[in-house]
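Given chain L, put chains W and A in place with the hints provided.
Residue numbers (the UniProt record's numbering), protein chains in the order written: chain L, 1 to 467; chain W, 1 to 467; chain A, 1 to 467.
Please note: incorrect hints may appear among the correct ones.
Said to hold, decoys possible - Stretch-level coverage of chain W by chain A, calculated; a stretch enters the list once three of its residues show a Cβ under 8 Å from a Cβ in chain A:
{"no.": "1", "segment": "60-69"}
{"no.": "2", "segment": "311-325"}
Unchecked claim - Distance condition first, Cα-Cα at most 25 Å in a straight line; then the derived SDA-like pairs of lysine to any residue:
{"no.": "3", "chain 1": "L", "residue 1": "K383", "chain 2": "A", "residue 2": "K52"}
{"no.": "4", "chain 1": "A", "residue 1": "K378", "chain 2": "A", "residue 2": "V390"}
{"no.": "5", "chain 1": "W", "residue 1": "K383", "chain 2": "L", "residue 2": "A370"}
{"no.": "6", "chain 1": "W", "residue 1": "K52", "chain 2": "A", "residue 2": "N56"}
{"no.": "7", "chain 1": "A", "residue 1": "K282", "chain 2": "W", "residue 2": "E446"}
{"no.": "8", "chain 1": "W", "residue 1": "K52", "chain 2": "L", "residue 2": "L57"}
{"no.": "9", "chain 1": "L", "residue 1": "K383", "chain 2": "L", "residue 2": "L182"}
{"no.": "10", "chain 1": "A", "residue 1": "K378", "chain 2": "W", "residue 2": "F128"}
{"no.": "11", "chain 1": "L", "residue 1": "K282", "chain 2": "A", "residue 2": "Y14"}
{"no.": "12", "chain 1": "W", "residue 1": "K126", "chain 2": "W", "residue 2": "I158"}
{"no.": "13", "chain 1": "W", "residue 1": "K219", "chain 2": "W", "residue 2": "R206"}
{"no.": "14", "chain 1": "A", "residue 1": "K126", "chain 2": "L", "residue 2": "A370"}
{"no.": "15", "chain 1": "L", "residue 1": "K123", "chain 2": "W", "residue 2": "E446"}
{"no.": "16", "chain 1": "A", "residue 1": "K123", "chain 2": "L", "residue 2": "R53"}
{"no.": "17", "chain 1": "L", "residue 1": "K52", "chain 2": "W", "residue 2": "G377"}
{"no.": "18", "chain 1": "W", "residue 1": "K52", "chain 2": "A", "residue 2": "G377"}
{"no.": "19", "chain 1": "A", "residue 1": "K52", "chain 2": "L", "residue 2": "L182"}
{"no.": "20", "chain 1": "A", "residue 1": "K378", "chain 2": "W", "residue 2": "M55"}
{"no.": "21", "chain 1": "W", "residue 1": "K383", "chain 2": "L", "residue 2": "E50"}
If you're looking for bench data, these hints aren't it; they were derived computationally from the structure.
This structure is a prediction, so every number in the text was calculated from the model and none was measured.
The beta-carbon is built from N, C-alpha and C at its ideal position, and this holds for glycine as well.
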Amino acid sequence: VERSRHQGMAKNTYMRWRLPLVCLLWEVAMIVLFGVFVRFGAEADAHWEEEKREMNLTSDIENDFYFRYPSFQDVHVMIFVGFGFLMTFLKRYGFGAVGFNFLLAAFGIQWALLMQGWFHSFKDGKIFIGVENLINADFCVGSVCIAFGAILGKTSPIQLLVMTLFQVTLFSVNEYILLNLLHVKDAGGSMTIHTFGAYFGLTVTRVLYRPNLEQSKDKQGSVYHSDLFAMIGTLYLWMYWPSFNSAISDHGDAQHRSAINTYCSLAACVLTTMAFSSMLQKKGKLDMVHIQNATLAGGVAVGTSAEMMLTPYGSLIVGSISGIVSTVGYVYFTPFLESRLHIQDTCGIHNLHAMPGLIGGIVGAITAAAATEDVYGKEGFIKAFDFTGVYQTRTPSVQGGFQAAGIMVSLLMAFVGGAIVGGILKLPIWGDAAAENCFEDGVYWEVPEDEESDVYHMHNPDKPASP
Amino acid sequence: VERSRHQGMAKNTYMRWRLPLVCLLWEVAMIVLFGVFVRFGAEADAHWEEEKREMNLTSDIENDFYFRYPSFQDVHVMIFVGFGFLMTFLKRYGFGAVGFNFLLAAFGIQWALLMQGWFHSFKDGKIFIGVENLINADFCVGSVCIAFGAILGKTSPIQLLVMTLFQVTLFSVNEYILLNLLHVKDAGGSMTIHTFGAYFGLTVTRVLYRPNLEQSKDKQGSVYHSDLFAMIGTLYLWMYWPSFNSAISDHGDAQHRSAINTYCSLAACVLTTMAFSSMLQKKGKLDMVHIQNATLAGGVAVGTSAEMMLTPYGSLIVGSISGIVSTVGYVYFTPFLESRLHIQDTCGIHNLHAMPGLIGGIVGAITAAAATEDVYGKEGFIKAFDFTGVYQTRTPSVQGGFQAAGIMVSLLMAFVGGAIVGGILKLPIWGDAAAENCFEDGVYWEVPEDEESDVYHMHNPDKPASP
Amino acid sequence: VERSRHQGMAKNTYMRWRLPLVCLLWEVAMIVLFGVFVRFGAEADAHWEEEKREMNLTSDIENDFYFRYPSFQDVHVMIFVGFGFLMTFLKRYGFGAVGFNFLLAAFGIQWALLMQGWFHSFKDGKIFIGVENLINADFCVGSVCIAFGAILGKTSPIQLLVMTLFQVTLFSVNEYILLNLLHVKDAGGSMTIHTFGAYFGLTVTRVLYRPNLEQSKDKQGSVYHSDLFAMIGTLYLWMYWPSFNSAISDHGDAQHRSAINTYCSLAACVLTTMAFSSMLQKKGKLDMVHIQNATLAGGVAVGTSAEMMLTPYGSLIVGSISGIVSTVGYVYFTPFLESRLHIQDTCGIHNLHAMPGLIGGIVGAITAAAATEDVYGKEGFIKAFDFTGVYQTRTPSVQGGFQAAGIMVSLLMAFVGGAIVGGILKLPIWGDAAAENCFEDGVYWEVPEDEESDVYHMHNPDKPASP
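Extracted from the complex, chain L is given alone in its bound form (with noise of 0.2 Å):
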């Protein structure tokens, strides 16, 4: 049992049975629904060859699966090894970023397999998988990624799966309200997976605010090693931000559209990063966090619009600009963020995902109101907003109108669900360290001996401290 000098208060971070216990708990739930629930979509279903006749496809290429699996492979490899690797930046906590994270999201996209599934793939009783699930359902679980960063080495991994659950639940609303109800356009979810994500995690942070959180400053930073780590985990998200951004485009000009789009916008982050990373700082010296973090958010901000006709250089400005947001934001609002408004972010999200998030939800909007005919052929403006059915008569002013909507209803569920499951994750019992103890993976990793002897002194969690 950990117990904690400075607070005075004992702080059981024992898991041997907590952490078992949901974990086979839920999967166990997790299997009883699917049973229920899933099944295979027409197009991973052995009666695919019947399927296709009826659908008059001639070949096998027509299956989904050949348009959005590339791409799905490489948002998984965001999730996973993206987000993973770009929080093992600390020095002492890159089991518990890599580890914790594949354990959120393996859980995660389970639960929103089921959860969007019932809003969007419901038919008969069951839910209908395929490829396109297994996108959304990664997308959905990168918002719980993004609030991970928040709140990253300050908690336990019980308190991670339930945040998970709850945030998976609570993200499935959201998006259902914005693309079913509203009708609103966010295919690389600027709104749905960035807004919501980074003001749901920052909610959570400040609730779980931790005033003595300096007793772990010296673990708080990284060593040169795990910030090449972490540039694995920048490098992928940015390379693969195209088809993040693409992967549930429509099929053709939309998902080429949004590749490009995205490709441009990212490149031009890279500069306005660069360049006020060094002039922000009195040495003039780039600072590795910057360009870890702020180089992507490029991605974020044309995640509504990448897949609209934005056009290249419409990328290039909104690139440009998320970058020096971002860069500015790590400079001078994360430390005001902590000391002023007690929002402890350890990742930085705010500056990543937030502003970058609502940057892409209003150009989004921009973007929508201001389409024409012209721009996208009669065909086309219908396809790309899916005027269709009862939207037959929506015109793009109107269109813009929903979309900034959508960024109101997504910061609204953020907050209010930030705040409620804040509170549930600050009851004493999912066994979350002390602040002395933060950012420091021999809480609930084994941990190597021989550097712990050597390079690292931690409080021992093991014994009680002798005072």
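Below, chains W and A alone, put in the same frame as chain L:
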């Protein structure tokens, strides 16, 4: 010349002439054999335009390249980065892990193209290859990478090349027996790759038993950073496993279904692995060895059945069970195997590949035996199990029996083949290191000097040890 | 301000205003030029539905996106992770390797989209881009990454941006001469990317010769972990090279064939590299420098011929030879180039790109000259070499001659261009470091403090050195 104090015998690990000779002679042999036998298949040959007309194909997108190349690249990453980095967990054997894996796989894929080509792509005296052959060659080498895991750190590069030569040969024979003679389904290789590869490797390491291996006990563990390198391997294997199991399935629904089943199985496996890793340790802490390995058992265990109508919840069940079996294996079986059966299994392939491979074979047999026309559809049923030609009258239950026979044949080939190859590798001419210098890159690699002096002290293999 | 004791001259490495100014001004220029010139190509434009009808395409899968996007992403990984991490082998220049590569590539792809667009995709005053343009931009930047390898650790980020600006321009001109004027085939860029890029970089580093570079000799080596980081780069380059060489080949058999040839060449290259690495070292041990680099020469050396009917055994031969040449280069040529020709080639690009690039050009010329209608088929022959229009009457031997001319032109452009650009980079205004601070991240990067004090001691560039 390295001398072993304890064993009192000299070990000659000098590679200068032996390793180059083997590499060069074998590469020349490959060139000659490729020159005589290997040609481009119809879809990679410049005559494709005519072929297309003959096959009545209207588009280049019907070329198998576009069905399989993305999966091929994912498999390629699994073999070279996945297996290579998974084995970098040892503190002083990262070069050997990634470098020897590179060497044996690069040789193995050439030899596999020939061996598998003779069995499966041989026509008019030539082997005609395309992207599917590349995938199969990678698969075949995957079984060698698995076996390498058992003997990691204890063998010379020449031994590894010799093992690769024989194992690829035996793999191809076994694969031919299963796929062609028994008409067994095994697209993800639970039997041909994992069961065969693992039991082959375990038999080899048994024959090569080193009674004094505790002399290098200090080098058998990991350090903090090496565990993170290993996680790169783990995650790439985990993420791309859906591509692995679907890579050579039939076009269309079968590939699609394989990917979904594998995705589900792997997700479930992570949760049960985490649960048991924490549960089986007194302090309740998670063990990186389990997270790095047992989380992958879910991919192995659906290798045969993923392309069948296993269903998502079936996959969750299989994944859950295999995570538990694998983790329990690391805690209880691995020490038992070493102390009682003298099987020194460096990476624990018994837990990651052998047992889950058996599960995979059994699940495949059951799933095949349980197949009905109702579930698969009339056409789908025939297509899924290839019940055409002489197999037109085979029933699911008979198919299940043949699947079970496939497991037995793979085991038999592994034990007999492993014993013979182990015997060959035991000859004192291959340049393996003494027990005290096992798990040590300095024996076969130039190691950067500054670390050698500071961080690490090896028994210098270049001078006779001063007694 | 950094002072150099030995040279007695002050070196101002302060980046605070210069780097941001260059980055921001150039990004603004990109936005303006993109605004004026760059538009979506037909397959990425919302008018695609109409386009599809006009081109008589029945399915969205015919969009070039689905033919090339998976290859594009692989190439993207090669440029950013492949080249970036390959260069992290230096013990104290990991940030610079991965970070500056990121910076120059992000700028370079924007500028390349314009330059290559003006030459190849320009119509009615606009550049129309699609996924093939993204691949070509990445290719172009690849040549800059190669040149970066020669000057790694010795230049400021501004110098790198200046070099990128000029090199992309020259690359595009050279590419235009080769592909359009000489009508040369070079899909994998043996001439345009590797020969040009490498000799350009070697010329630049010759002009920038630093006589006192031995002052930073202690930082020119690797440490154990940095060699493993570099292997990440190596493996991603190695694995994805089949995608690189096939990415812009014709749809269908040409892409398929390119991938197979490259796969074979690279496999063979690994064996001969290992052989010669061990053979050329007295102790017979393997050298990570060779494994990290020479194993890739096989990909370079089939860059021109991979899409031709080189045949698998031809690829094995080319790969084998290039592995030998490259390894021999590292052992004998690199020291010679430095001591006699004053060419300081940090990464040994002469061995990995220059010589194998020449081999690639020559092999391409021979393969083209040897082409017959018998081997390619009547249609395949015309399609493979694009013998249409004014080139209808060109014979294979003439084509071979033009291919050889392409090598010469690339060399000429590289030498002349490199000399001029080297001269520009020699101007004392770009903020490069003194010889004693080369290969040192601390000059341009915030480096984590705790390691700075423990592990590593640099000549502090922030204070004048006490003489």
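Checked hints:
Counting residues of the segment 60-69 of chain W whose CB falls under 8 Å from any CB of chain A gives 7; the rule of at least 3 is met. Requiring three or more residues with a Cβ within less than 8 Å of a Cβ of chain A, the coverage given for the segment 311-325 of chain W is violated, as only 0 such residues are present. Among the hinted pairs, L:K383 with A:K52 is consistent with the structure: their alpha-carbon atoms are about 14 Å apart, no more than 25 Å. Among the hinted pairs, A:K378 with A:V390 is consistent with the structure: their alpha-carbon atoms are about 18 Å apart, no more than 25 Å.
As the CA atoms of W:K383 and L:A370 are separated by approximately 51 Å, the hinted pair breaks the 25 Å bound. Simply put, W:K52 and A:N56 have alpha-carbon atoms about 19 Å apart, close enough for the 25 Å limit, and the pair holds. Annotation: proposed proximity of A:K282 to W:E446 holds, straight-line Cα distance about 11 Å (limit 25 Å). Proximity of W:K52 to L:L57 is assessed by CA-CA distance (about 19 Å); at most 25 Å being required, the pair is judged to hold.
Our distance criterion of 25 Å between C-alpha atoms is met by L:K383 and L:L182, whose separation comes to about 17 Å. Using a Cα cut-off of 25 Å, the hinted pair A:K378 and W:F128 holds, with the two alpha carbons roughly 21 Å apart. With a C-alpha separation of about 10 Å, the suggested pair L:K282 and A:Y14 falls inside the 25 Å cut-off, and the hint holds. Distance hint between W:K126 and W:I158 is unfulfilled; the C-alpha atoms sit about 30 Å from each other, more than 25 Å.
Between W:K219 and W:R206 the alpha-carbon distance is near 20 Å, which keeps this suggested pair within the 25 Å criterion. Pair hint A:K126 plus L:A370 holds up; C-alpha atoms about 22 Å apart against a cutoff of 25 Å. The straight-line distance between the Cα atoms of L:K123 and W:E446 is roughly 62 Å, outside the 25 Å bound, and the hint therefore fails. The suggested pairing of A:K123 with L:R53 is violated, with an alpha-carbon distance near 42 Å, which exceeds 25 Å.
For the proposed pair L:K52 and W:G377, the alpha carbon gap of about 13 Å is at most 25 Å, so the pair holds. A threshold of 25 Å between alpha carbons decides the hint, and for W:K52 with A:G377 the separation of about 13 Å falls inside it, so the pair holds. For the suggested pair A:K52 and L:L182, the alpha carbons sit about 31 Å apart, so the restraint of at most 25 Å is broken. With a C-alpha separation of about 18 Å, the suggested pair A:K378 and W:M55 falls inside the 25 Å cut-off, and the hint holds.
The straight-line distance between the Cα atoms of W:K383 and L:E50 is roughly 12 Å, inside the 25 Å bound, and the hint therefore holds.
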